[in-house]
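Student: Build the full structure now, drawing on both the sequences and the hints.
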Amino acid sequence: MTTLTLGGGRTIPARYVPVLVTACLFVAMFVVGGIRYDGFATGQVVLNVFVDNAFLLVVAVGMTFVILTGGIDLSVGSVVALSTMISAGLMAGPGWPPYVVIPLVLLVGSTLGLIMGYLIHAFEIQPFIATLAGMFLARGLCYTIGTESIPIDDPTFTAFAQTRIDLFADLWISPSVLVALVVVLVGAYVLHYTRLGRAVYATGGSEQSAVLMGLPVGRTKITVYTISGFCSALGGVLLSFYTLSGYGLHASGMELDAIAAVVIGGTLLTGGTGFLFGTVLGVLVLGLIQTILSFQGTLSSWWTKIFIGLLLFVFILLQRLFSTRTRR
Amino acid sequence: MEAPAPILRMSGIGKQFPGVRALDGVDLRLLPGEVHAVMGENGAGKSTLIKVLTGVHPADAGDIELAGRSVAFGSPLEARQAGISTVYQEVNLCVNLSVAENILIGREPRRLGRIDWKRMRARARELLARLELDLDVSAPLSSYSLAIQQMVAIARALDVDAQVLILDEPTSSLDADEVDRLFGVMKRLKDEGIAILFVTHFLDQVYEISDRMTILRNGRLVGEFLTSELSQVELVAKMIGQELEVLDKLHGEAKVFDRPLVEARELGRAGAIEPFTLTIHEGEVVGLAGLLGSGRTEVARLLFGADHAGTGQVAIGGEPTPLRTPRAAMSHKIAFCSENRKTDGLVPDLTVRENIVLALQATRGWTRPVPREQQDELVGRYVKALRISPADPERLVRDLSGGNQQKVLLARWLILEPRLLILDEPTRGIDVGAKAEIQRLVAELSSGGVAVLFISAELEEVLRLSHKVAVLRDRKLVAELPNDDALSTEVLMETIASGGRDR
Amino acid sequence: MRRLLWPVLILALLLLVNVLFTPGFLSVQVRDGHLYGSLIDILRFGAPLILVSLGMTLVIATGGIDLSVGSVVAISGALACLQISQDAGVFTAVVLALGLSVLLGAWNGFLVAGVGIQPIIATLILMVAGRGLAQLITDGQIITVNDPAYKLIGGGYWLTVPFGILIVLVVLAVTAFLTRRLALGLLIEAVGGNAEASRLAGIRARGIIVMVYAFAALCAGVAGLMISSNISSADGNNAGLWIELDAILAVVIGGTSLAGGRFSLGGTVLGALIIQTLTTTIYSIGVPPETTLLFKALVVTVVCLIQSTAFRDKVFHRRRPVALAGPATEEKARVTA
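Chains as they are written, first to last, in the numbering used here: chain A, 1 to 328; chain B, 329 to 831; chain C, 832 to 1168.
Just so you know, these hints were derived from the structure itself, not from any lab.
A quick note: this is a predicted structure, and the numbers were derived from the prediction, not measured.
Below 25 Å or equal to it, Euclidean Cα-Cα: the simulated SDA-like pairs (lysine to any residue) are:
id, chain 1, residue 1, chain 2, residue 2
1, B, K670, C, A1090
2, B, K661, C, A1026
3, B, K670, C, A1026
4, C, K1145, A, H121
5, B, K446, A, F275
6, C, K1145, A, Q208
7, C, K1145, B, P386
8, B, K446, A, H192
9, B, K446, A, L185
10, B, K670, C, G947
11, B, K670, A, Q208
12, C, K1145, A, V217
13, C, K1145, A, Q126
14, C, K1145, A, V211
15, B, K446, A, V184
16, C, K1145, B, F345
Tutor: The structure is reproduced here in structure tokens:
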């Protein structure tokens, strides 16, 4: 239905279909929610999804880069936790100021990503295993710093956490949402308008072809894991704004949420196809599921996981159908 | 007409791989504005020659001159920058990217570090216009046919100032219209003065498009010829070569075969082999002759159920029998030794013993293991009978030489005691001794009542062993010839060359 | 058996460190008719991991991977405890739990072999949804059971030996029998080693793949019973959390390549024991237990680097073998080996 023929008039390009499906899903969920629950159909409900999931959105942006190259990053949740831990630890203990702590945290996250990327590229270690080691390492570092939750009472952090940016008509967002949106826009720019971004797509499409076309595949792979490390660290900083604490158990299993958001957003797990905008929609869908469940009240929280699993199944099946159709 | 100075000259090229002399003193010259075909059977050294030229492999001996200057490329990228672009058989592009990107990625026009999509699309359209193509350059490459993808690859190759364009079997997956289209493009480029090196195994195409050809055989140069001065029969003879010694036919007198075992009626598969009809009798050796890519392997795969047949049917012992899977074929005692022993035959990490018993075990299912004593007995018997060396059944198959790997594969099927044994190039790339052993074995099997479908690029071998020969050309079964006194390699070559038209 | 050399050495080294720090480490005594000792503890606490790893070994040997085993552990424990708390017999509870596990495994196998989804993605679905299912079964509560017969599975003793160890021995024996005495192992290795060649040799790869995923889930189900029985309760959220990662790690340490093909049950058992001993060692030498994960990260990295051809070439300055006539296939075969 969406395959194109030379010179023929074309319908919606096949590559936009998954994103459109996700968008329709989001709208449908919103409409159904609005009909069923009082006070659901407001702009603030959507904005709250952003407020509550800003950190996940940032992490998912990094994950999108990695998955677009055909890789995977299991370490993101642990790096998020490590970032909250380092932030809280350094501010609570030696009392370092935030403008030193935050760059340091971002540097640590990026470095971890860089090392994993290097292992994957230089020694041909499977991304799954290399980032699994990174996951253990980051989580282990968390517990080494401390096993208890460390509260953050730095005035800058608390101020940032409590700030509401008022939009029109009683709608508001948090500063974290702005940060997340900036990350999304920068990410989309890089993917679409720079050679790095196009090399990411080419590597994911066919690594062998990319090498033969003379693209810097190794450097691209290392870079995406570094980006993912950076995004995870930034997500950790946003999470510590949100929770005002550092804790080694934070963001447990978040790598799965991030992967799910990317897949539901229409990005192929085999790489090469997908859009950051889809990932944004994926995060929104995940967030809206939680919102609906909280409005419903009688449905328990574990339904979230079951729904996410079901959605994953549907989208993976959809992708499977597409890939068999486009590959001859 | 005075020939212009060659743009490219390769002389005395030699290349040695462990155990194989891939190229030995090969010369090649390319003139600007010509289409030059490189011809040769499998293992003749065509692809090695191209790889040496484009810097994939360094040459062990010989010189390469480009436009009068001596060159040696360290990588395909260097060759490309010097003006030698290659388009491979499998399109090496990213189908998920847009047409424009595939042409220009890595060299995108930019403004302030930002990719200028508008200029990029315009540039891509320009390049395609040179090939008389008008595509939607922002559509993903995957939305176009393989032929168009091939053209896009050529457009990419031409973006740098290419003087030499190498097309390595570009037509093998294209249909007739698509080939015409490609040839149109090639003629245009030729008129622009680009030298095109064209590798294919379709004879008609060579005669349609090429001006001259260089023929290789077994890594050596046979010669350079003007296409217009070399007949198809001569070409086939030169590609296949003739061994001087005349060997006796192994099967003795012509026998009468009246018990049909496997009958294929109008069996075919789109894009692989046109519908053919072929009857194989008990105890009969049927040879398949034809050049590489003529559909030999495809016939074998259909008869073994390795591929689904699109049309026609198979009868076994008179009963119509669908062969949808290899298992189905095996249950009728059909066995198939693939030409590609590495990818389609052996499991390299398993031992000789395990590889030999694999098919037998598969027929029994996992719950009924072949008892170890029986395994050792069977394996021991065949290791000895086929003289597999080293004669250690616990050695990993990956460590064996090609000939011995081939024998392991043969042994796997022989212990199943097949009624029809399909052998696809069983003697390729193995030494003379092993070759004679395998030939003898085929003759023995045949006198024991086993039917054999024997595929080989070497016509002598086919003639020696077969009771009848089916000739294939351009994916069509063109003739079926009884192996009587009148049949000779010359007749076979003529049939291949003419496509059976004048018979 | 050169392949088992490294795991054996690492395990021996770990045990040696323990002996140095805890002199009586190797002693095993009989107390109250039960076997006691650090070695017994390692085996007892490592039993669930060994079980899950055995199943994982067969999956990985076919060239696949199963991320969902942790969720299956939770589901199986949850269903069994729910049944027992509702006064069903222990036998019924166990049969139901294991039956469900096999069904879930077959589902994974169907997605991989039937639909043709990449294993890592196919099993991700159940990994995510399975935790929710487990909590659905327990209704989000931690179900506590108090049934002596059920307690036996994970916490009991039989003929002085902890029951969990006996279960592991039985499963190990059955697996070894199926794969090495019967022909399952050969067919699995053939499918994982060269799928196309296996098809042309007449192997029914689909059936084997479905069976292997079902078996992995069955092992996970047994491990789930063991874990919930040991703590007398089912926790849908935390039971078997991250056990899939440890299991994959155990398989890799045991010398089975993630690319599929040859597998080693003995290596996997060693790998699982190394992981368990590592935890014990960290306790016994007085390093804070929080750092276990750091050591694990170190072990994963070192083991993978040792197995990486590229790493060995770079570090030991070995020249890559010269490409033969078919360079592409030759190289690829070597990399995936």
